[in-house]
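Asker: Sequence:
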Amino acid sequence: MKIMRRFSITIFLLLIALLFVDGSHQAAPPRAHVVILSTTDMHGRVFPIDYYTNKYDNVGIAKVATLVKEARKRDADLMLVDSGDTIQGTPLEYLHNKRNNTPPDPMMLAMNALHYDSMTVGNHEYNFGLKVLEKARSEAQFPWLSANTYDTGKGTTHYQPYIVKEVQGVRIGVLGLTTPGIPNWENKPNYEGLELHETVSEAKKWVPILREKEKADVVVIAMHMGIEEDLRTGQPSPSNVPNENAAIAIARQVSGVDVILMGHTHSEVGALFVSGVLLTQANRWASHVARVDLYLEKNDSGRWQVVMKSARTIPVTEKTEIDPEIARLGEPYDKETQAWLSRAIGESSEELTAQQCRFHDSAIIDLIQQVQLEAGNADVSMAACFNERAHIPKGQVTVRDIAGLYEYENTLVTVELTGQQLKDALEHSARYFKEYQPGKSLNELVDSRIPSFNFDVAQGVSYDIDLTKPAGQRIQKLKFKGQPLSPAQKLRVVTNNYRVNGGGGFTMYKDAPVIYRSSAEVRELIIDWVEKHKTVPTKADDNWRIVGAQ
0 MKIMRRFSIT
10 IFLLLIALLF
20 VDGSHQAAPP
30 RAHVVILSTT
40 DMHGRVFPID
50 YYTNKYDNVG
60 IAKVATLVKE
70 ARKRDADLML
80 VDSGDTIQGT
90 PLEYLHNKRN
100 NTPPDPMMLA
110 MNALHYDSMT
120 VGNHEYNFGL
130 KVLEKARSEA
140 QFPWLSANTY
150 DTGKGTTHYQ
160 PYIVKEVQGV
170 RIGVLGLTTP
180 GIPNWENKPN
190 YEGLELHETV
200 SEAKKWVPIL
210 REKEKADVVV
220 IAMHMGIEED
230 LRTGQPSPSN
240 VPNENAAIAI
250 ARQVSGVDVI
260 LMGHTHSEVG
270 ALFVSGVLLT
280 QANRWASHVA
290 RVDLYLEKND
300 SGRWQVVMKS
310 ARTIPVTEKT
320 EIDPEIARLG
330 EPYDKETQAW
340 LSRAIGESSE
350 ELTAQQCRFH
360 DSAIIDLIQQ
370 VQLEAGNADV
380 SMAACFNERA
390 HIPKGQVTVR
400 DIAGLYEYEN
410 TLVTVELTGQ
420 QLKDALEHSA
430 RYFKEYQPGK
440 SLNELVDSRI
450 PSFNFDVAQG
460 VSYDIDLTKP
470 AGQRIQKLKF
480 KGQPLSPAQK
490 LRVVTNNYRV
500 NGGGGFTMYK
510 DAPVIYRSSA
520 EVRELIIDWV
530 EKHKTVPTKA
540 DDNWRIVGAQ
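Under numbering that gives the first Met the number 0, the letters of the sequence shown match residues 0 to 549, in that order.
These aren't lab readings, by the way, just hints derived from the structure by calculation.
No incorrect hints appear here.
BS3-like, lysine-lysine: derived pairs with alpha carbons at most 25 Å apart:
#, residue 1, residue 2
1, 153, 203
2, 153, 130
3, 212, 297
4, 308, 164
5, 433, 476
6, 476, 422
7, 204, 153
8, 531, 97
Using the sequences plus the hints, can you model the full thing?
Answerer: Shown next as structure tokens:
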């Protein structure tokens, strides 16, 4: 009885308390939690394999797929977007795009299977020309975005500029922006009929359209661009061409942007806030996924507003399993690629590596130079060490061994330069090293902001790079055919299309008279040369050297 009495009293007191609750108290506002996953710069990595070494590599969309599917178990309505450079970058994609383009693009098959919402167009989508690009685009079951790519003279965008998707009642707008630096790197036929506009002004145009016309509650920019400056000093990246990257400028200058998903620079950015805008970037080669969490509440006017946002990158690990669905889709392409790469084409009397090719002349770089000199009928060749992992074994040499020397889809261009212009190009290249510091090794003197593919060396002349001299005065003892090179001397200089178009800031090539352009890519030319001669030269001629440092 006492227990029942106490229970009755408790209920009575609770009822009394409810009578005195403030009747004006409102329920919590509606809330939403939206997840966006982002990839970028996957560069044809379907499987976790380095085709040039034929060894396991912990990357690939077959592994990313596992991360995506695991995330969907918790957040079934998440968005999945990509920031470009997708259909180029591996022998698998090269073979598909150049030699057997009839089947669907393997990366599009994989992305379709994962139900991507969009992909922003990257500069490397253009490497194989518009026919290959448009075929891959037609095979995608999601839109390719680029709000700043226009049909020349028409004022209409060539690609869809944005998407709007409703998730939990929240309207998410995703705007695509492509680096406008493409004319600085690509042969004109590869983007014929298209013009790329500067991206800050384009963002200022399209973001209000998303906010006002499309009633987007959240605006995300998925850009094939990255951070353009050192955030501590404000100094621009030394390897940028004008307007190549603009993430910081857009975050600072364009109102109404919530999130920027970056790409292009092959960097990992977990979470960075600039003027209230959240920036993040998954790393290259499908090695990471960037995850954005948006927390929203409805305001008094009934509109959703972001009350909190966060981002982080999720790495592919050794424990991340290969997704069987993606593996099944990619298997036929992998078999064809492996068969092509395994074909024997010549022999080498010595084992050759490119491990130190940035610091002294090497037989591997000299092979590239020799092929370029012959194919381009030139006096001087300029080339970089594109792959420090390149390796040619002693004995039988296969397509795999030679293809690994030159990773990019560049073609050859021979131009006429003066001796002074050639020296300017070599001085620009020598910026790859920082100012000399006693006791520092060459590796410690490398300016990590400059990619190694922008450190060109020359064949056909001899010279020293003196690191005790300031940048711009480092090229010493420059000689052509054993004699000091005159600034007025006319030379036929062969290099690649990326360089001639100004890639890497080598502006001295841009207006030079063009003597020859190859239709074949440099990689193909090297493979054909070895197959024709059956042997690989094994000695470097040491025509250049670095002095003034260890």
